[in-house]
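Residues -20 to -1, 1 to 302 in mature numbering (1 follows the signal peptide of the UniProt record, and there is no 0) are what the sequence shown spells out, letter by letter.
Everything labelled a hint here was simulated from the structure, so no lab data went into it. For glycine and all other residues, C-beta sits at the position ideal for the given N, C-alpha and C.
When the alpha-carbon atoms are kept at most 16 Å apart in a straight line, the in silico EDC-like pairs for lysine to aspartate or glutamate are as follows:
#1 Lys111 - Asp137
#2 Lys11 - Glu34
#3 Lys11 - Asp204
#4 Lys98 - Asp157
#5 Lys117 - Asp148
#6 Lys111 - Asp138
#7 Lys117 - Glu140
#8 Lys11 - Asp39
#9 Lys31 - Glu234
#10 Lys109 - Glu140
#11 Lys236 - Asp29
#12 Lys111 - Glu140
#13 Lys31 - Glu215
#14 Lys252 - Glu214
#15 Lys88 - Asp185
#16 Lys295 - Glu196
#17 Lys117 - Glu53
#18 Lys117 - Asp137
#19 Lys109 - Asp138
#20 Lys11 - Glu201
#21 Lys98 - Glu174
#22 Lys295 - Asp204
#23 Lys236 - Glu226
Label pairs and their computed distance ranges (CB to CB):
#24 Glu215 - Thr41: 16 to 26 Å
#25 Glu174 - Lys109: 23 to 33 Å
#26 Ser240 - Ser104: 23 to 33 Å
#27 Glu174 - Ser260: 30 to 40 Å
#28 Ser240 - Asn276: 32 to 42 Å
#29 Asp250 - Ala130: 19 to 29 Å
#30 Arg155 - Gly258: 37 to 47 Å
#31 Gly133 - Glu215: 42 to 52 Å
#32 Pro203 - Asn58: 15 to 25 Å
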Amino acid sequence: MKWRGPVAALILGVTLAATACGSEGDSSSSKEVRIDYAYYNPLSLVVRDQKLLENQDFDVTWVLSAGSNKANEGLRSNALDFGSTAGAAALVARANGSPIKVVDVYSKPEWTALVVGKNSPIHSVAELKGKKIAVTKGTDPYYFLLQSLAVNGLSRDDVEIVNLQHADGKTALERGDVDAWSGLDPFIAQTVQEQGSRLLYRNPDFNSYGVLNAREDVIAERPDTVQAVVNAYEEARRWAVAHPNELSQLLAEEAKISPSVAHEELERTDLKVNPTPGQSQIAVLSTILPIAVGDNDIRSPEAGRNALDSLIEPKFAEQSAH
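Using the sequences and the hints given, assemble the complete structure.
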């Protein structure tokens, strides 16, 4: 049946109104962002505190990540669109099927070290043989531990690894429940300053950068959102570099740590790093890859290599730099 006259006009009007409402709804949903913040990622604290995304009319859900493993869980379960991790954690997650890509490098930190208690008799990595070591599996401190053991003639089978979240590992060390802890700032700085704990072993080259990851579906379907987030990170970086004292104060307040602990963490964190993910990250991850495969954290060498070859998406950071 063909409708004419006023009836046709009415039907057309209702149809156009419904279409307009649907378009408006789609636009609104595209402005929703689920993103993490973390005490190991100072730039995330700046983006959140200064409402750099909310000021662009994004509807932001902020989720605290206690470690790279928690950020990866959020990305894998679609609870997060963006998650901040160490580069090694991003590689392992992608190799095991998590569809994520690195879109920005937020820091080059020395955020992990091997730590022992104040009165520990241990003074070398070799002396950790047969000892209990707390660490969070799937994070930079874990791969730092494995690399540290390897260069000192040990393997993971020579020690007893106790899998604890970063803050819990610090507590276990201070209570004497473990002999050593492969830790993460700001908890390392905190236990050194407040409990007299001692850094047993440091090697900045074993750290795999701080990276911001996005799910592939978000990259494909909402590239403008990804660009806005990366742009916000770069705005936060410029502010952080120009205002180190204010950044230290912000970290202290957010993480509920003393200003001196926050200052020590930031002293070990290079925020002036090139934000565009590329060869520097690939080089570090190429060293970590066989270690992760040998530890059975990655299902196969081929999966690891494919992940490494496809992990980086530099175009958003490149665009942000212009």
